[in-house]
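Colleague: If you use the UniProt record's numbering, the sequence shown corresponds to residues 1 to 452, in order.
The set of hints was computed from the structure by calculation and includes no laboratory data. The structure displayed is predicted, hence computed values, not measured ones. Each hint should be verified, as a subset may be incorrect.
Unchecked claim - Straight line, CA to CA, 27 Å or less: simulated DSS-like cross-link-like pairs of lysine-lysine: (1) Lys-330 - Lys-252; (2) Lys-231 - Lys-425; (3) Lys-194 - Lys-388; (4) Lys-390 - Lys-231; (5) Lys-148 - Lys-181; (6) Lys-268 - Lys-366; (7) Lys-341 - Lys-366; (8) Lys-252 - Lys-181; (9) Lys-231 - Lys-388; (10) Lys-252 - Lys-341; (11) Lys-268 - Lys-181; (12) Lys-341 - Lys-330; (13) Lys-358 - Lys-341; (14) Lys-350 - Lys-179; (15) Lys-181 - Lys-231; (16) Lys-425 - Lys-219; (17) Lys-275 - Lys-350; (18) Lys-330 - Lys-268; (19) Lys-346 - Lys-268.
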Amino acid sequence: MTTLQAKQVSKSGAHHGGIGHNDADDGFSDLHPPYSTLQAMAESNRCLYCYDAPCVTACPTSIDIPTFIRKISTGNPDGAAKTILSANIMGGTCARACPTEVLCEEACVRNVAEDTAVEIGSLQRFAVDHLMARDLPHPFKRAPETGKSIAVIGAGPAGLSCAHRAAMLGHNVTVFEAKAKPGGLNEYGLAAYKMTNDFAQREVEFLLGIGGIRIEYNKALGRDISIEALKDSYDAVFVGVGLGSTNNLGLKGEEFPGIDDAISFIEKLRQTEPKTDMPVGDKVIVIGGGNTAIDAAVQAKRLGAEEVTLVYRRGAEHMSATEFEQDLAKTNGVVVRYWAKPVAIKANGKLIGMEFEKTELDASGKLVGTGETFEVRADQILKAIGQKIKTDDLAGMEIAGGKIVVDENYQTTAPGVFAGGDCIKSGEDLTVQSVEDGKQAAIAIDAFLKSA
Numbered sequence: 001m002t003t004l005q006a007k008q009v010s011k012s013g014a015h016h017g018g019i020g021h022n023d024a025d026d027g028f029s030d031l032h033p034p035y036s037t038l039q040a041m042a043e044s045n046r047c048l049y050c051y052d053a054p055c056v057t058a059c060p061t062s063i064d065i066p067t068f069i070r071k072i073s074t075g076n077p078d079g080a081a082k083t084i085l086s087a088n089i090m091g092g093t094c095a096r097a098c099p100t101e102v103l104c105e106e107a108c109v110r111n112v113a114e115d116t117a118v119e120i121g122s123l124q125r126f127a128v129d130h131l132m133a134r135d136l137p138h139p140f141k142r143a144p145e146t147g148k149s150i151a152v153i154g155a156g157p158a159g160l161s162c163a164h165r166a167a168m169l170g171h172n173v174t175v176f177e178a179k180a181k182p183g184g185l186n187e188y189g190l191a192a193y194k195m196t197n198d199f200a201q202r203e204v205e206f207l208l209g210i211g212g213i214r215i216e217y218n219k220a221l222g223r224d225i226s227i228e229a230l231k232d233s234y235d236a237v238f239v240g241v242g243l244g245s246t247n248n249l250g251l252k253g254e255e256f257p258g259i260d261d262a263i264s265f266i267e268k269l270r271q272t273e274p275k276t277d278m279p280v281g282d283k284v285i286v287i288g289g290g291n292t293a294i295d296a297a298v299q300a301k302r303l304g305a306e307e308v309t310l311v312y313r314r315g316a317e318h319m320s321a322t323e324f325e326q327d328l329a330k331t332n333g334v335v336v337r338y339w340a341k342p343v344a345i346k347a348n349g350k351l352i353g354m355e356f357e358k359t360e361l362d363a364s365g366k367l368v369g370t371g372e373t374f375e376v377r378a379d380q381i382l383k384a385i386g387q388k389i390k391t392d393d394l395a396g397m398e399i400a401g402g403k404i405v406v407d408e409n410y411q412t413t414a415p416g417v418f419a420g421g422d423c424i425k426s427g428e429d430l431t432v433q434s435v436e437d438g439k440q441a442a443i444a445i446d447a448f449l450k451s452a
């Protein structure tokens with residue numbers, strides 16, 4: 001990508017919520033700085049400790065939120081952390097990256113009483129970080145060993161959650177991970193300003209403290225391992241492969257240098273130190289309407305891109321990115337263009353931009369082009385138009401709607417093979433949902449092994 005160059009980050013921008021850059025800030029410091037003990041105590045005392053609390057129902061992992069907040073308010077943050085982690089072993093990541101504004105915090109009754117929810121995510125982070133910083137023994141004990149072994153494919157949130165719960169239940173687990181590091185999207189796919197200080201790796205190290213879990217790296221499904229071979233060697237198999245492929249635009253010239261998928265851009269940035277060494281274009285277009293699109297656009301801007309334009313085919317109200325994420329893009333100087341779809345890539349020996357057609361909804365509610373076009377100049381284009389599952393290596397499993405089909409016990413149509421996370425349809429494609437899938441699948445695998 002010869003037209004791209006590394007740039008120093010502008011210091012004039014500001015984070016959402018009034019958190020500005022300072023001279024030591026490279027643009028990738030914590031989006032939400034952690035609470036002090038005093039802040040946590042004050043915020044925890046705002047909780048009404050509701051009976052049958054709606055925030056618990058809104059949490060995919062059903063964390064007992066009133067109980068953990070009460071423990072913080074009484075000076076027991078480690079006890080609060082154990083309450084959190086008993087339901088969500090990756091509560092540290094979820095506290096940082098979960099869209100709490102549309103989950104637990106949206107359900108908080110304080111929204112009615114005061115128009116301001118209790119900052120549940122910040123309190124959760126405070127408690128989990130407090131426990132992890134103290135280098136205590138792992139907070140959970142393993143059940144007596146069962147002699148059963150489980151193979152887990154993928155060391156992402158679903159796979160790690162499944163491995164931890166299965167190990168707690170006394171089984172021995174081997175995790176096969178295609179990459180050189182564990183964590184999945186927590187390590188490779190979340191914005192750098194959401195996962196600072198190598199937290200994804202510290203969380204995995206903490207999780208492995210339960211014992212009974214071994215991870216084999218650089219072992220990719222289809223290349224190094226197969227489901228059939230694992231079924232022969234293990235008593236059960238859990239598939240947590242996520243969505244390994246990205247969707248294409250289907251336009252001529254899509255392979256042109258300077259055009260990449262946003263997931264790859266974020267992954268490269270997460271593995272680059274210092275972040276300012278990451279190449280970025282002068283004028284960047286990001287196509288998409290989800291949180292990945294926002295993450296890519298904001299990070300391109302913070303890397304020093306002069307212009308970043310995010311283009312989405314529908315309106316703001318249709319974006320899967322939350323209102324907070326959309327505001328974050330705008331406060332970081334990202335130009336957002338709605339109601340437009342890409343129709344042509346413009347190049348003249350090098351990438352020069354993209355042509356878009358304006359869109360609208362017709363009388364039936366179908367998205368259609370208006371025939372009116374416009375161009376946006378760019379020397380880098382990032383695609384964030386969704387991911388899809390790689391089905392080549394999933395023989396024996398039914399696939400429907402681009403997802404692995406599972407029953408109510410997370411079992412696939414292949415006997416003894418279970419699945420969870422983004423590769424199945426169980427709810428929103430969120431880290432917290434993947435953690436819940438892994439936990440519940442481990443419980444189902446335990447029942448399956450006991451009945452075998």
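Colleague: For the pair supplied as a hint, Lys-350 and Lys-179, confirm whether the alpha-carbon distance does not exceed 27 Å.
Modeller: violated (32 Å)
Colleague: Do the alpha carbons of Lys-275 and Lys-350 lie within 27 Å of each other, as the hint requires?
Modeller: holds (26 Å)
Colleague: Are the Cα positions of Lys-358 and Lys-341 separated by 27 Å at most?
Modeller: Cα-Cα ~6 Å, so holds.
Colleague: Check the hint pairing Lys-425 with Lys-219 against an upper bound of 27 Å on the C-alpha distance.
Modeller: Holds. Lys-425 to Lys-219 sits at ~25 Å (cutoff 27 Å).
Colleague: Check whether the Cα positions of Lys-268 and Lys-366 lie no farther apart than 27 Å.
Modeller: violated (37 Å)
Colleague: Lys-346 and Lys-268 were given as a pair; does the straight-line alpha-carbon distance stay at or below 27 Å?
Modeller: Holds. Lys-346 to Lys-268 sits at ~25 Å (cutoff 27 Å).
Colleague: Given the hint that Lys-252 pairs with Lys-181, does the C-alpha gap stay at or below 27 Å?
Modeller: violated (35 Å)
Colleague: Mind checking the alpha carbons of Lys-231 and Lys-388 for me, to see if they're no more than 27 Å apart?
Modeller: The given pair, whose Cα atoms are some 25 Å apart, holds under the 27 Å limit.
Colleague: Hinted pair, alpha-carbon criterion (27 Å max): Lys-268, Lys-181. Please report holds or violated.
Modeller: holds (13 Å)
Colleague: Can the restraint linking Lys-341 and Lys-330 be considered satisfied, given a maximum Cα separation of 27 Å?
Modeller: holds (20 Å)
Colleague: Given the proposed pairing of Lys-390 with Lys-231, does the C-alpha separation stay at or below 27 Å?
Modeller: holds (20 Å)
Colleague: For Lys-181 and Lys-231, compute the direct alpha-carbon distance and say whether it is at most 27 Å.
Modeller: holds (24 Å)
Figure legend: structure checked against the earlier numbered hints; hints not met, in rising order: 1, 6, 8 and 14.
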